[in-house]
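Here are the chains, one letter per residue:
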Amino acid sequence: MTSLSDEKSREEAEEVVEPSKATRLSIVWRKLKASKLAVFGFGIIVFMVMVALLAPVIAPYDLRWTGYSSRPPSMEHLFGTDAMGRDMLTLVMYGAQTSLYVGIAAVALEMLIALTIGMISGYFGGIVDEVLMRFTDLILTLPTLPLLLVTVVLFEERSIHILVFVMGIFGWPFMARVVRSEFLTLRETTFVEAARSMGATPWRIILRHILPNILSTIIVIGTMDIPWFIFWEATLTFLGFGDPSAASWGVLLERGYLPARSAWWIITFPGLALFFTSLGFNLFGDGLRDALDVTTRGR
Amino acid sequence: MSKSLLLNINNLKTYFVLAEGVVQAVDGVHLEIGKEEVLGLVGESGCGKSTVALSILRLIRPPGKIVGGEILFEGEDLLRKSEGEMREIRGGKISMVFQNPTSSMNPVYTVGSQIAEAIKLHQDVQKHQIKEKVVEILHKVGIPDPSKRMEDHPHEYSGGMCQRAMTAMALSCNPKLLIADEPTTNLDVTIQAQILDLMRTLRKDFGASILLIGHNLGVIDEFCDKVAVMYAGKVVESSDITTIFKKPKHPYTQALLESIPRLDVEKERLRIIPGTVPRLIDPPAGCRFHPRCEYAMAVCREQEPTLVEIGRGHTVACFLHTSKV
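Chains as they are written, first to last, in the working numbering: chain B, 1 to 299; chain F, 1001 to 1325.
No wet-lab data here; the hints were simulated from the structure. Hints are supplied without guarantee of correctness; some may be wrong.
With beta-carbon atoms standing in for the labels, derived distance ranges [claimed, not checked]:
| no. | chain 1 | residue 1 | chain 2 | residue 2 | range |
| --- | --- | --- | --- | --- | --- |
| 1 | B | R204 | F | P1284 | 40 to 46 Å |
| 2 | F | E1070 | B | T116 | 38 to 44 Å |
| 3 | B | L215 | F | M1086 | 26 to 32 Å |
| 4 | B | L184 | F | I1260 | 37 to 43 Å |
| 5 | F | A1019 | B | A108 | 39 to 45 Å |
| 6 | F | K1127 | B | T116 | 29 to 35 Å |
| 7 | F | D1152 | B | H161 | 44 to 50 Å |
| 8 | B | E188 | F | D1152 | 23 to 29 Å |
Glycine included, C-beta positions come from ideal geometry on N, C-alpha and C.
Bound-form chain B, shown alone (with noise of 0.2 Å):
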């Protein structure tokens, strides 16, 4: 065959302009350098981060300690210190270690719950779809701020981990819809079609064959989610149903917004802390959303 051996010289012509193949994460970096406001969200993300972790070595006074209340900011204090005389930058050091956490780990739970609930739903359709999706309306109809009031107060313990697992089984509906419509966009495609023609069975084809698809879809979503669940965390905090003994942001706005006509400081600086992990994640996950697009390609 001829044809042959004429595509394989093509072939090898190609190869000499593009002479080194990336591995896919190498592709996606180099497409999310390129864009400065993802890079932008990253970097904040990385510093939030950072701070949280080494809020222990890196913050200039003990938890505990306490000196002259309601404090401007100074240079001792650079954030000012609060009502219990407290030093402001410690707090939201620490804070950011809560916020993260609930932020996480709230979103580990949503995705768990979604992907499952979304999957089961999509693929197999029929009554199960139904029923599953039926429940899911429900959740989504039901006020969310009163919802997680009633159920938090249904604990009798006050603790970060309640909210974060109260949030976490009220937060999937969104997530498992998209999961959904995607499985169902997916199950009629030819590649599962041609898997299933191999004889594979139903749940490798779930979890092999169209779970890695909508991967990037997740991570972008679930990189959304994690400010709204900080932000659901301080709401819950801030009307009084959240866990005091946390150092959370939350708790500090909700410490804060009293003395606020003559303290602007103490509400301010968690409030920042917080609009910026934000604007954070929103922009890392934009970013990302292009980035995970296999079939283009970064300069």
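For chain B, the structure is supplied; the task is to place chain F on it using the hints.
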């Protein structure tokens, strides 16, 4: 027939139950494929060719359902097999090549890992041997530099290369029957020829029977031993390749053959078959082709013709050639 039968489909009926009614996509199809034989299945779009193919592998999904008939493969009825037994057969004994090569592969995995998966699914191969096997089979289907190209993702392959790779995957477990559903439809003409050439070689090397589905009669003519012509969910004529091209009996087969351009016959215009394929929700009574048939008689409107053998291995379902009851 001297060769023994590999696949024998009898009176297969596959219906789709929709809100508007029941679509009789495949309604009483008979097909026979011998060992190492290539059968071409032709017909217009929507006549049920692909549904036959998917029925053989039992891959019909709701609202579709196989409602009757039998599919004897090596003497055993596939319709009576359990889902687990069918999974063993799919890809192991019967495999399929689809018409969209570029979308038949999972975009997130490398071509090599997908072929490796197919091998692992059906064969007991040592881990270190799998890579060699993948390289070997990619080489066989003519992928240049296989040990390197197997690390590519499908989008880095051209359409023709994807179809080669898909063929490689389908053949990786030495199936007895290869179903090729319009394998060349979305490829350009030179690549089509290459793929057919490839299938011809592989048929010799692997000794597999092939069910080639297509509407391109030129391709069928060149490649198949036998042809079955389908119209509106039924087989209307089947015979060996020379008979059907020289002496087509069914008016639909005749019309179909006259509608392809030929270089050896001078003709002003190509034949056009008037009308369209009937809706299979309420197919015409009697012979399904009668509204478009120029020889339609009274009996055609009332009774359904059955497949009758009129020559050696030549069957036709038409009252013109069978005694009118």
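Evaluation of the provided hints:
Restraint check, R204/B to P1284/F: a C-beta distance of roughly 44 Å satisfies the suggested window 40 to 46 Å. Take E1070/F and T116/B: their Cβ atoms lie about 40 Å apart, and the range 38 to 44 Å holds. Between L215/B and M1086/F the Cβ separation comes to about 30 Å, which falls inside the hinted range of 26 to 32 Å. In this structure the hint that L184/B and I1260/F lie 37 to 43 Å apart at CB holds, the actual value being about 40 Å.
Distance hint for A1019/F and A108/B: a CB-CB separation of about 42 Å, consistent with the stated range 39 to 45 Å. Judged by the Cβ atoms, the range 29 to 35 Å given for K1127/F and T116/B holds: they are separated by roughly 31 Å. Distance hint for D1152/F and H161/B: a CB-CB separation of about 46 Å, consistent with the stated range 44 to 50 Å. At roughly 25 Å, the beta carbons of E188/B and D1152/F sit within the given window of 23 to 29 Å.
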